[in-house]
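**Q** One line per chain: the protein sequences are W and V, in this order. Quick note: the first sequence uses this note's numbering, first residue 1, plus one each step. Quick note: the second sequence uses this note's numbering, first residue 1, plus one each step.
In short, the hints are calculated from the structure, not lab data. Among the hints, erroneous ones may be present.
Claimed, not checked - Quick look at which bits of chain W chain V covers, simulated, 3 or more residues with Cβ under 8 Å:
id	region
1	17-27
2	36-44
3	48-61
4	74-80
5	88-99
As the list claims (entries may be wrong) - Ranges of calculated distance between the beta carbons of each label pair, as one might list FRET restraints:
id	chain 1	residue 1	chain 2	residue 2	range
6	V	24	W	105	34 to 40 Å
7	W	35	V	25	41 to 47 Å
8	W	98	V	57	41 to 47 Å
9	W	34	V	113	53 to 59 Å
10	W	64	V	26	23 to 29 Å
11	V	177	W	87	27 to 33 Å
12	W	77	V	57	38 to 44 Å
13	W	14	V	162	24 to 30 Å
14	V	1	W	98	28 to 34 Å
15	W	77	V	87	32 to 38 Å
16	V	86	W	63	41 to 47 Å
17	V	117	W	61	14 to 20 Å
Quick reminder that beta carbons are idealized off the backbone N, C-alpha and C, glycines included.
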Amino acid sequence: MSTDLVPLAVVMWAVTYPSRAIGLLNPAIDRLPRRALAYLQLVGPAVLASLATVNTVVQTRNGQSLVVVGLPWLAVGACIALVAWRRNLFLGLLVAVIIAIAGRGAGWE
Amino acid sequence: MAFSLVAFAGAAQFAAVGFVARGLGWPAIALFTLLLNARHVLYSAAMAPWFRGRSFVERAVAAHLLTDEAFALTIAHFRRIGRFDGFGYWWAAIVTTLIPWNVATFAGVMLGGAVVDPKALGIDVIFPAAMGGLAVTLLTGRRELVAAIAGGVIGVAASVAWDPTIGVIAGGIAGPLAGLLVPEAAARETAPLGTEASAERFGMPGVVHDHPTDDRGRPS
Numbered sequence: 001m002s003t004d005l006v007p008l009a010v011v012m013w014a015v016t017y018p019s020r021a022i023g024l025l026n027p028a029i030d031r032l033p034r035r036a037l038a039y040l041q042l043v044g045p046a047v048l049a050s051l052a053t054v055n056t057v058v059q060t061r062n063g064q065s066l067v068v069v070g071l072p073w074l075a076v077g078a079c080i081a082l083v084a085w086r087r088n089l090f091l092g093l094l095v096a097v098i099i100a101i102a103g104r105g106a107g108w109e
Numbered sequence: 001m002a003f004s005l006v007a008f009a010g011a012a013q014f015a016a017v018g019f020v021a022r023g024l025g026w027p028a029i030a031l032f033t034l035l036l037n038a039r040h041v042l043y044s045a046a047m048a049p050w051f052r053g054r055s056f057v058e059r060a061v062a063a064h065l066l067t068d069e070a071f072a073l074t075i076a077h078f079r080r081i082g083r084f085d086g087f088g089y090w091w092a093a094i095v096t097t098l099i100p101w102n103v104a105t106f107a108g109v110m111l112g113g114a115v116v117d118p119k120a121l122g123i124d125v126i127f128p129a130a131m132g133g134l135a136v137t138l139l140t141g142r143r144e145l146v147a148a149i150a151g152g153v154i155g156v157a158a159s160v161a162w163d164p165t166i167g168v169i170a171g172g173i174a175g176p177l178a179g180l181l182v183p184e185a186a187a188r189e190t191a192p193l194g195t196e197a198s199a200e201r202f203g204m205p206g207v208v209h210d211h212p213t214d215d216r217g218r219p220s
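Please model the entire structure based on the sequences and the hints provided.
**A** Shown next, in the form of structure tokens:
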């Protein structure tokens, strides 16, 4: 196993860690007004939904981002519906993977 | 392996490997990593009220482990129980994220060549499905629902207009603003801020209890 990229890993940590620590290590967070705390409580649903949607819907081809309709919509949509219905993330993920495998086995991208 | 142990930043690791293969310089890779991981600022700020009163060292170590998955699992857990739970955080960050990530990375190094097409195994849908599923578990009121829908729509729009990295951050910043547009009267209909009933929505330590409630936490 090569160690050539270990310094790059350290550089990546050095630029990542501050973004992870800025809120947790900043005492000013404790003095935020109620409205700001309410905002922070909505960050979770918003950023997770954004991550899920962008990773499902958007593909980058030749440097250009496009909305692509495909099998991931069905797989991820099924997972979300199952979690909403049964409150069971494992079941949702299992069904999403099965749909993806079955769909691609049938030639659907 | 060094990426997984030291940087511990999944999406940035995938991107960095591609950039290294294409011969991109380290400063450019560092800049892209900075942009890609800027969403962690939001996670860190959202987690901070829960860590109020914890030691500096604990918060500093917790920051290193604050990934998408650790944030999603922990924020859902804290909101469900309505308080900070140190064991819950370390479990989510280490047992269910750090260890499996590094074990899987090692397995990939050793066996990755045997997997001809990861898409054929459905591996590519696991991350978005997990994020979507975890987002659903956080939908405890109208504000959360509006924030999530707006986050998704804005994320896609900004991704198409600029770049997926910017899209995720734009959705994460603008989504909550849209959520706050839901009138407080409507938002507090089922779980007024500061009451016991709000533990799943606003159950943060330190939030001022300023709405009168009955002994079951309902508005009176």
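**Q** Hints first: check each against the structure and report whether it holds.
**A** Hint check results:
1. 17-27: holds (count 9)
2. 36-44: holds (count 8)
3. 48-61: It holds: at least three residues are needed, and the region 48-61 of chain W offers 12 whose Cβ sits within less than 8 Å of chain V.
4. 74-80: holds (count 4)
5. 88-99: holds (count 7)
6. V/24 to W/105: 34 to 40 Å: At 36 Å between Cβs, range holds.
7. W/35 to V/25: 41 to 47 Å: Since residue 35 of chain W and residue 25 of chain V have Cβ atoms about 43 Å apart, the given range 41 to 47 Å holds.
8. W/98 to V/57: 41 to 47 Å: holds, 44 Å
9. W/34 to V/113: 53 to 59 Å: The hint (53 to 59 Å, Cβ to Cβ) holds, given that residue 34 of chain W and residue 113 of chain V are roughly 54 Å apart.
10. W/64 to V/26: 23 to 29 Å: Because 26 Å falls inside the window, the suggested range holds.
11. V/177 to W/87: 27 to 33 Å: Holds - the Cβ-Cβ distance for residue 177 of chain V and residue 87 of chain W, about 28 Å, lies within 27 to 33 Å.
12. W/77 to V/57: 38 to 44 Å: holds, 43 Å
13. W/14 to V/162: 24 to 30 Å: Given about 26 Å between the Cβ atoms, the range holds.
14. V/1 to W/98: 28 to 34 Å: holds, 31 Å
15. W/77 to V/87: 32 to 38 Å: For residue 77 of chain W and residue 87 of chain V the Cβ distance comes to about 34 Å; the hint holds.
16. V/86 to W/63: 41 to 47 Å: Between residue 86 of chain V and residue 63 of chain W, where Cβ atoms are some 44 Å apart, the hint holds.
17. V/117 to W/61: 14 to 20 Å: holds, 18 Å
Violation of the numbered hints given earlier is absent; every hint is satisfied by the structure.
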